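Asker: Go ahead and model the full structure; you've got the sequences and the hints to work with.
The listed protein sequences correspond, in order, to chains U and H. Going by UniProt numbering, the first residue of the first sequence is number 1, and it counts up by one from there. Going by UniProt numbering, the first residue of the second sequence is number 1, and it counts up by one from there.
Among the hints, erroneous ones may be present.
Here are the simulated DSBU-like pairs of lysine-lysine, each with C-alpha atoms no more than 35 Å apart in a straight line [to be verified]: (1) U:Lys10 - H:Lys60; (2) H:Lys36 - U:Lys10; (3) H:Lys60 - H:Lys36.
Covered stretches of chain H (chain U as the covering partner; in silico rule of three or more C-beta atoms under 8 Å from a C-beta of chain U) [to be verified]: (4) 13–20; (5) 46–59.
No wet-lab data here; the hints were simulated from the structure. This structure is a prediction, so every number in the text was calculated from the model and none was measured. Ideal Cβ positions, reconstructed from N, Cα and C, are used throughout, including at glycine.
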Amino acid sequence: MRQALYMYRKELLGMTRNYQLLWIPIVFMLLVVMQPVTSYYMPDILAASGSVPAELISKIPIPGPAEVMGSVLGQYSTFGVLILVIAGMQVVAGERYGGTAALVLVRPVSSASFISAKWAGQMTLMLVSFIASYAMAWYYTALLLGPVPWRIGFIAGGLYILWLMFALSLNLLLSTLLRGSAAAVISLLVVAGLSLGHSLAPAWFAWSPARLLMLANAVIIGSSVESAFASVIMTSLLCLACIGIAIWSLRRQGIPDLRGD
Amino acid sequence: MNINWGLLAPVIVLQFLLMITAFISLARAESVRGAKWIWVFVILFGNIVGSIVYFIIGRKEA
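Answerer: Listed below in structure tokens is the structure:
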């Protein structure tokens, strides 16, 4: 346990040194804060472009707070996942192929504490980015377009955090099995495939973590939602499975042959 | 068109912070993919995207 904590601190230090702990939260904030701001200024923007007649502009409705928060959440499932997965694709592979893992793992460091420290580091980065940007989007939406009920906002945010957690756990697992960019590509394909599959054939993908996205969007626009319990349990189990397999395979494969790389 | 600058100020500050971070990182990096002076232009004129592209593909993993 102490070992894992020590590794986790080292992980955070590494993310500070390569500026991830700074630039990713900033990018997230910029990404989502644009939603309420551009929605609010949309009539002005169209007017400035000059090609839209004035009477049409006055008819364009400014979207309500719930719709804007919905599109904010949409940003996380596209650009948010993309940035987090690409930034984290080297998380295990980088150290294995760079030779650092060899130095660390010949000492009595268990692969369980190695992987769990990596996972905790990735989660910290995600949570800091998500909470900071979500709070900012929430504040701007409330300021410009009207209040968002607390309960609804929290539930939808929580479901999205769980979805991002799943994407990052999968990325961690793939980063243990493959080299960097392959891990990112496959994680993104799986995540995109799941959410596409779920929107095309909801009945077949009812078990999948992608249901969380649908639930979150239903919560935020205030339509009635059947229990999210099953999806939450399922996603948590999948995250644990990813971590478990990552630990097992790191222990099994050990350190790759560095010759020729 | 009247713009509420108090509202946009945090956004501008964030953009500026992102750019500064990218420049500090660039200045302190021993080597990057491609030439450093190209990245200066990418970060300077690429807005948010320029900095993101620099952090994702410009930096070499240490």
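Asker: Which numbered hints does this structure break?
Answerer: none
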